[in-house]
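Asker: Residues per chain are reported as follows:
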Amino acid sequence: MPYRIQPEDFIPDHETEILLHGNRHVGAVVTFVGYVRDSLNKPLDSMTLECYQSMALQQLHMIEQEAKKRWSLIDCLIIHRYGYLQPSARIVLAVSLSSHRADAFNSCQFIMDMVKVSVPVWKKEQHGLNTDWIGTKTSDLEAAQKWKQPGFDFK
Amino acid sequence: MKIIYFAWLRSKIGLAEEVINPPPQIQTVEHLLSWLEQKGPNYQEALKNRTVVKVAVNQKYVGFSHPIQLNDEIALFPPISGG
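For the record, the sequence lines run as chains A and B.
The numbering used here puts the first sequence at residues 4 to 158.
The numbering used here puts the second sequence at residues 2 to 84.
Hint data in this document are derived by calculation from the structure and do not stem from the laboratory.
Treat the numbers as computed from the prediction; the structure is a model and nothing was measured.
There's no promise every hint is true.
[Said to hold, decoys possible] The calculated DSSO-like cross-link candidates involving lysine-lysine, where the alpha carbons are at most 27 Å apart (straight line), are:
#, chain 1, residue 1, chain 2, residue 2
1, B, Lys40, A, Lys72
2, B, Lys49, B, Lys13
3, B, Lys61, A, Lys127
4, A, Lys151, B, Lys13
5, A, Lys149, B, Lys61
6, A, Lys127, A, Lys71
7, B, Lys49, B, Lys3
8, A, Lys149, A, Lys45
9, B, Lys61, B, Lys13
10, B, Lys61, A, Lys140
11, A, Lys149, A, Lys71
12, A, Lys127, A, Lys72
13, A, Lys45, B, Lys13
14, A, Lys127, A, Lys140
15, B, Lys40, B, Lys61
16, A, Lys140, B, Lys13
17, A, Lys72, A, Lys151
18, A, Lys71, B, Lys40
19, B, Lys49, A, Lys140
20, B, Lys3, B, Lys61
21, B, Lys3, A, Lys127
22, A, Lys151, A, Lys140
23, B, Lys3, B, Lys40
24, B, Lys61, B, Lys49
25, B, Lys61, A, Lys71
26, A, Lys127, B, Lys13
27, A, Lys45, A, Lys140
28, B, Lys3, B, Lys13
29, B, Lys40, B, Lys13
[What the hints assert, rightly or not] To give an idea of the chain A side of the interface with chain B (calculated C-beta under 8 Å), a few residues:
#, residue
30, Gly37
31, Tyr38
32, Arg40
33, Glu53
34, Ser57
35, Ala92
36, Val95
37, Val118
38, Lys119
39, Val122
40, Val124
Backbone N, C-alpha and C fix where the C-beta goes; we use that ideal spot for every residue, glycine too.
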């Protein structure tokens, strides 16, 4: 399956090697790894990610299919974690494999822009005794707009 | 009709999911939200600001005018923040 939702950690190099499995036509691999980030202004103790799993899998499938339609991809992979995570933990992985770099770069950017605005996952941050639910950032919505096309709506 | 709540909507309402049987005049998502609000102050508080209530019917994003049916799975949640 080229997309997964899981509580477990993943090893990006390991996942990429499985995807490559000696494919002689791969000329470019672009990998994005998203991490839980601490903040100097507002120290973060932990983060809990909640997801609507059945819908999240459908959205990941839609993103993967659309990426393969728009770019010449040999393969791609998206993994999103949920559950309790601490700063520096990996949250998300996107890997694009293609013959040429532009397809891998652009599709990986597309995948992450779409994950941000269309996969039903919610972050709850723990700062000391306070908890904050995080909403969609305007910058993420703006980044997603550039991928809109007639017949393709990410929501 | 199965309703699932996520994130702070779940915390405010105090339920992760419930099975409801609304009257026949409840035909759209908007009707459903207004009907749910009458169930108690917790629902009212969670659903009062419609700009932060997102809806999926059978795992697809929909707008408030979307029609609903008795066998639907309806998810109510705030704006997402994955990635």
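Asker: So, for every hint listed, does it hold in this structure?
Answerer: Tested hints:
no., hint, result
1, Lys40/B - Lys72/A, "46 Å, violated"
2, Lys49/B - Lys13/B, "11 Å, holds"
3, Lys61/B - Lys127/A, "23 Å, holds"
4, Lys151/A - Lys13/B, "34 Å, violated"
5, Lys149/A - Lys61/B, "22 Å, holds"
6, Lys127/A - Lys71/A, "32 Å, violated"
7, Lys49/B - Lys3/B, "21 Å, holds"
8, Lys149/A - Lys45/A, "31 Å, violated"
9, Lys61/B - Lys13/B, "23 Å, holds"
10, Lys61/B - Lys140/A, "21 Å, holds"
11, Lys149/A - Lys71/A, "17 Å, holds"
12, Lys127/A - Lys72/A, "34 Å, violated"
13, Lys45/A - Lys13/B, "25 Å, holds"
14, Lys127/A - Lys140/A, "14 Å, holds"
15, Lys40/B - Lys61/B, "25 Å, holds"
16, Lys140/A - Lys13/B, "22 Å, holds"
17, Lys72/A - Lys151/A, "14 Å, holds"
18, Lys71/A - Lys40/B, "46 Å, violated"
19, Lys49/B - Lys140/A, "21 Å, holds"
20, Lys3/B - Lys61/B, "15 Å, holds"
21, Lys3/B - Lys127/A, "25 Å, holds"
22, Lys151/A - Lys140/A, "18 Å, holds"
23, Lys3/B - Lys40/B, "16 Å, holds"
24, Lys61/B - Lys49/B, "22 Å, holds"
25, Lys61/B - Lys71/A, "21 Å, holds"
26, Lys127/A - Lys13/B, "14 Å, holds"
27, Lys45/A - Lys140/A, "17 Å, holds"
28, Lys3/B - Lys13/B, "18 Å, holds"
29, Lys40/B - Lys13/B, "13 Å, holds"
30, Gly37, "6 Å, holds"
31, Tyr38, "11 Å, violated"
32, Arg40, "12 Å, violated"
33, Glu53, "6 Å, holds"
34, Ser57, "6 Å, holds"
35, Ala92, "14 Å, violated"
36, Val95, "5 Å, holds"
37, Val118, "5 Å, holds"
38, Lys119, "4 Å, holds"
39, Val122, "5 Å, holds"
40, Val124, "3 Å, holds"
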